[in-house]
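Participant: Chains as they are written, first to last, in the numbering used here: chain W, 1 to 594; chain U, 1 to 341.
Wrong hints could be hidden among the right ones.
[Said to hold, decoys possible] The calculated DSS-like cross-link candidates involving lysine-lysine, where the alpha carbons are at most 30 Å apart (straight line), are:
| # | chain 1 | residue 1 | chain 2 | residue 2 |
| --- | --- | --- | --- | --- |
| 1 | W | Lys207 | W | Lys333 |
| 2 | U | Lys246 | W | Lys511 |
| 3 | W | Lys161 | U | Lys125 |
| 4 | W | Lys461 | W | Lys411 |
| 5 | U | Lys55 | W | Lys229 |
| 6 | W | Lys459 | W | Lys417 |
| 7 | W | Lys82 | W | Lys101 |
| 8 | W | Lys383 | W | Lys450 |
| 9 | W | Lys101 | W | Lys187 |
| 10 | W | Lys423 | W | Lys229 |
| 11 | U | Lys256 | W | Lys207 |
[To be verified] Negatives, chain U to chain W, calculated, CB over 10 Å:
| # | residue |
| --- | --- |
| 12 | Thr31 |
| 13 | Leu150 |
| 14 | Gly158 |
| 15 | Gly161 |
| 16 | Leu194 |
| 17 | Thr286 |
| 18 | Val287 |
[Said to hold, decoys possible] Here are a few chain U residues that face chain W, going by a calculated C-beta distance under 8 Å:
| # | residue |
| --- | --- |
| 19 | Arg8 |
| 20 | Ile52 |
| 21 | Tyr95 |
| 22 | Leu153 |
Source of the hints: derived by calculation from the structure; they are not laboratory data.
Glycine is no exception: its CB is placed at the ideal position from the N, C-alpha and C atoms.
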Amino acid sequence: MVPVAQRVLAVVFVLALAVLAPGPGARGAGAPPTSPDTLVILTYGNPESLDPAYAYDTASDGVFWPGIYETLVTYDGSVLSKYVPRLATSVPTLANGLISKDGLTYTFPIRQGVRFHDGTVMTPADVRYSMLRFMLQDRDGGPSWLLLTPLLGLDSTRDSKDNAVVTYADAARSVTVEGQNVVFHLKRPYAAFLSILAAWSFVLPEKWAAAHGDWDGRADTWVRYNNPKLQDRYEFNHTNGTGPFRLQTWDPQNNEVILIRNDTYWRAPARLARVVIRTVAEFAARRLELQRGDADVIAVDRPDQNQVQGLADVTVQDGYPTLAVQVLHFNQKIDATANPDIGSGKLDGNGIPPDFFSDVHVRRAFAYAFDYATFIRDGFRGKAIQPNGPIIQGLLGYDPTLPKYTHDTQKATAEFKEAWGGKLWDAGFHFTETYNTGNASRQIGAQIIKDNVEALNPKFKLDIRNIQFSTFLQLTNEHKGTLYGLGWAADYPDPDDFAQPFLASNGDYPKRNGFSDPRADQLVRQGAQTSDPAARARIYRQLTQLAYEDVPGIYEAQATQFVVMRSWVHGWYYNAILPPLANTGMDFYTMSKQ
Amino acid sequence: MSAFIVRRLVLLPVVAVGVTLLIFTLLQLLTPAMRASLYITDPKQLNALPEIIRKYRLDQPIYVQYGEWLRQVAHGDLGWSETAREPVAAAIRGYFPATFELAVGAFACILVVGIWLGTLSAMRKDQVIDHLSRLFSISGASLPTFVWGLLLLMIFYGHFGWFPPGRLGLDADLFVRSAAFHPYTGLMTVDAALNGRWWVFWDAVRHLVLPVATLTFFLTAVLVRITRSSMLETLGTDYVRTARAKGLPEAVVVDKHARRNALIPVITLASLLFVGLLSGVVITETVFNWPGIGRWGVAASQQLDIPAVTGFALIFAGMLVLANLCADVLYAVVDPRIRLQ
């Protein structure tokens with residue numbers, strides 16, 4: 001009789017064989033993809049919402065745009081300054097008369113015969129509804145300001161006490177239907193309007209939305225649908241666009257989104273039948289799946305790049321400039337109330353006065369003290385460039401010949417000696433600079449400025465404090481920041497999206513930092529309202545020069561990006577505005593596996 | 001016995017209220033702005049912070065927030081989890097089966113290997129098998145799970161391609177999402193078997209192998225050592241000597257007389273191990289991309305997702321009470337001398 005242990009072993013062996021049998025074994029170099037019509041993307045960001053009027057994060061936007069929802073016009077591949085029609089049949093220009101001479105009216109002839117994923121035909125009324133919904137839904141911290149600003153001249157539908165400050169009539173007048181056209185009526189000329197619409201004019205069907213409990217498009221009901229919570233909208237996890245893919249599943253528990261091809265798409269159907277987007281937190285697992293060919297594109301952080309370099313049948317394309325900038329900000333009007341970061345609050349060597357950074361010599365001294373090359377080497381592994389102001393590479397008006405600060409201890413010392421009427425050098429200072437917890441590159445930037453400034457004079461003391469992100473934002477909003485690191489990424493590829501928040505006195509950062517320069521205000525306004533690209537470029541060059549002279553912040557770095565994919569993936573192109581899913585954005589329509 | 005069980009079950013709501021109240025109190029030590037971090041992801045949302053605090057009532061006193069939460073719970077609503085992007089109850093229902101499947105698989109292996117190896121070590125005290133067992137236990141417990149996990153993953157997936165990470169392969173994953181597959185329990189192996197889809201079953205088993213092996217290797221150590229010492233103590237007792245003197249076969253002496261009585265501390269430990277596994281094995285779940293409750297719990301804690309953390313704690317407290325109850329019942333089963341009064 002066979003002993004029990006041997007019988008158990010035999011059963012285990014048979015089971016093991018049965019389990020192992022389906023194993024694919026090692027895939028040889030050059031082998032074809034196992035699922036040639038399915039693109040598998042592994043990333044580490046979860047979508048927040050699939051509602052195009054709610055989502056304002058790249059992990060969400062990257063899922064639905066441009067795959068599920070389409071815009072009226074869009075960028076011409078990688079070229080951000082050129083547009084091609086999408087749900088409109090023409091790109092409005094002054095030349096074709098679809099932009100009025102005063103720059104206040106944009107007319108979009110709407111494409112006929114386009115169907116939503118539920119089979120219904122898209123109408124100009126749906127386009128209008130979608131634009132009004134985008135503006136009037138206006139959730140806290142959402143994207144609605146992008147249309148509210150050019151169309152209504154406001155950045156919110158509510159005041160600080162949550163009272164409505166727009167009326168339905170105002171909104172309705174700003175977007176009208178004329179036959180097969182949808183016409184936008186701007187509050188004032190806004191040169192970036194087309195580039196905003198190229199990324200933020202998603203269209204969904206009015207009847208479908210209303211049938212699922214969303215706003216019905218009526219004047220007397222919109223307030224009820226204003227500022228929703230995430231879960232309040234059916235569109236949060238249901239989609240109905242016109243794009244080449246439709247949503248099959250969004251499974252937040254399994255961290256997976258599956259898109260399937262829209263076979264009735266108005267252009268030729270996509271080559272891929274399916275796109276699977278999975279969140280895999282662990283880099284090693286992502287890398288192994290890429291190596292095995294079970295994943296086609298994966299997210300890789302810069303420090304891990306070496307681990308995918310040289311993998312067989314894996315392509316790493318590097319050096320794409322992002323439209324984002326890292327900045328060290330000077331707060332020129334620090335709120336001293338219960339603020340531990342300014343020490344004594346006086347220029348006595350034990351603190352700083354609240355207006356410490358209002359002296360341009362102090363700001364210039366810090367700008368000269370910062371070691372840009374070290375920051376780029378340590379913070380970005382050398383994969384970044386030093387910008388010369390808020391108008392970064394890739395934007396209209398960027399000019400690499402304009403001056404920028406370099407690490408120069410002699411100039412830094414000279415500026416410090418001039419600061420505060422010569423008192424600063426003798427008195428010294430002591431304050432705390434801040435950054436948000438967990439941001440490694442900002443931590444490196446903070447350490448560099450601390451080390452370099454302290455090395456200039458033993459009476460100069462800087463402490464570093466990291467603060468949880470939301471608290472950090474609140475403190476800077478309450479003018480409690482001193483010198484702090486915070487960045488900006490483009491919503492649309494126009495210099496206005498950088499000039500306004502960095503240099504206009506009502507912009508995000510100037511408001512926080514007490515920066516105001518009437519020359520900058522005038523130039524930002526002119527830049528926004530001028531339609532001639534050459535004239536605009538001149539204006540933004542002037543603003544870059546002005547930022548160099550005023551030094552409202554230290555423009556530390558503009559990172560470059562890379563993408564990692566199997567060599568069998570074709571048709572990908574880089575577009576700096578497409579929301580990054582796995583390092584960069586992806587237009588699934590043009591992609592295939594061969 | 002039944003009175004004892006009822007008494008223990010009555011304790012459940014008391015523990016639940018205590019735990020949730022403790023969490024609410026601890027969270028009040030954080031400022032409303034910190035708790036608003038859940039809704040803030042970008043500097044562009046800066047100006048919205050005060051509105052967000054107002055909208056989600058983060059500036060309300062603790063008794064208001066807790067009272068509201070209790071009212072919701074009374075209506076069967078555990079609140080909305082921003083990290084899960086769904087109601088807390090749905091999130092628990094969704095995440096728990098994956099963890100349960102992993103926990104049961106790992107627990108079974110841990111029990112079998114732990115008790116078998118512990119017994120063997122005790123019977124072969126200071127012999128080669130005992131030393132090997134010690135080596136196995138120490139090496140398993142001394143290296144972190146993520147090291148074992150990654151090593152196993154690199155060898156058995158990266159090199160051989162046998163056992164992939166995740167819960168299912170692409171084909172099986174697409175199939176279980178189709179109308180042809182009915183999800184009965186959320187347990188992939190069970191559902192596949194109930195649907196009669198054996199290729200899905202084997203695919204699910206393939207995905208279970210490495211996380212189960214990792215957990216088994218890591219967690220068996222304590223059980224082996226406890227079983228060994230308990231067995232050594234029992235093997236030296238008078239009744240075991242008597243059994244041997246009666247001429248009973250060694251297998252009977254060990255199985256029926258010694259091991260059964262040595263199981264009391266093992267049961268205590270095993271119940272705690274099982275609860276630990278059920279509450280989530282975060283690192284293993286992360287390394288193997290296993291969509292379990294542990295990863296969600298950690299993400300919710302990191303992002304101060306109060307409804308999720310509270311709901312998670314509530315469920316965990318319940319599991320702990322039930323596990324202790326099971327352990328108490330099992331004491332009586334394995335050792336009739338124990339009377340539950």
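Participant: Hint by hint, note whether the structure agrees.
Facilitator: Taking the hints in turn, this is what the structure says about them:
no. : hint                  : in the structure
1   : Lys207(W) / Lys333(W) : 51 Å, violated
2   : Lys246(U) / Lys511(W) : 92 Å, violated
3   : Lys161(W) / Lys125(U) : 76 Å, violated
4   : Lys461(W) / Lys411(W) : 19 Å, holds
5   : Lys55(U) / Lys229(W)  : 9 Å, holds
6   : Lys459(W) / Lys417(W) : 13 Å, holds
7   : Lys82(W) / Lys101(W)  : 20 Å, holds
8   : Lys383(W) / Lys450(W) : 23 Å, holds
9   : Lys101(W) / Lys187(W) : 14 Å, holds
10  : Lys423(W) / Lys229(W) : 53 Å, violated
11  : Lys256(U) / Lys207(W) : 72 Å, violated
12  : Thr31                 : 7 Å, violated
13  : Leu150                : 5 Å, violated
14  : Gly158                : 5 Å, violated
15  : Gly161                : 5 Å, violated
16  : Leu194                : 19 Å, holds
17  : Thr286                : 5 Å, violated
18  : Val287                : 5 Å, violated
19  : Arg8                  : 31 Å, violated
20  : Ile52                 : 5 Å, holds
21  : Tyr95                 : 6 Å, holds
22  : Leu153                : 6 Å, holds
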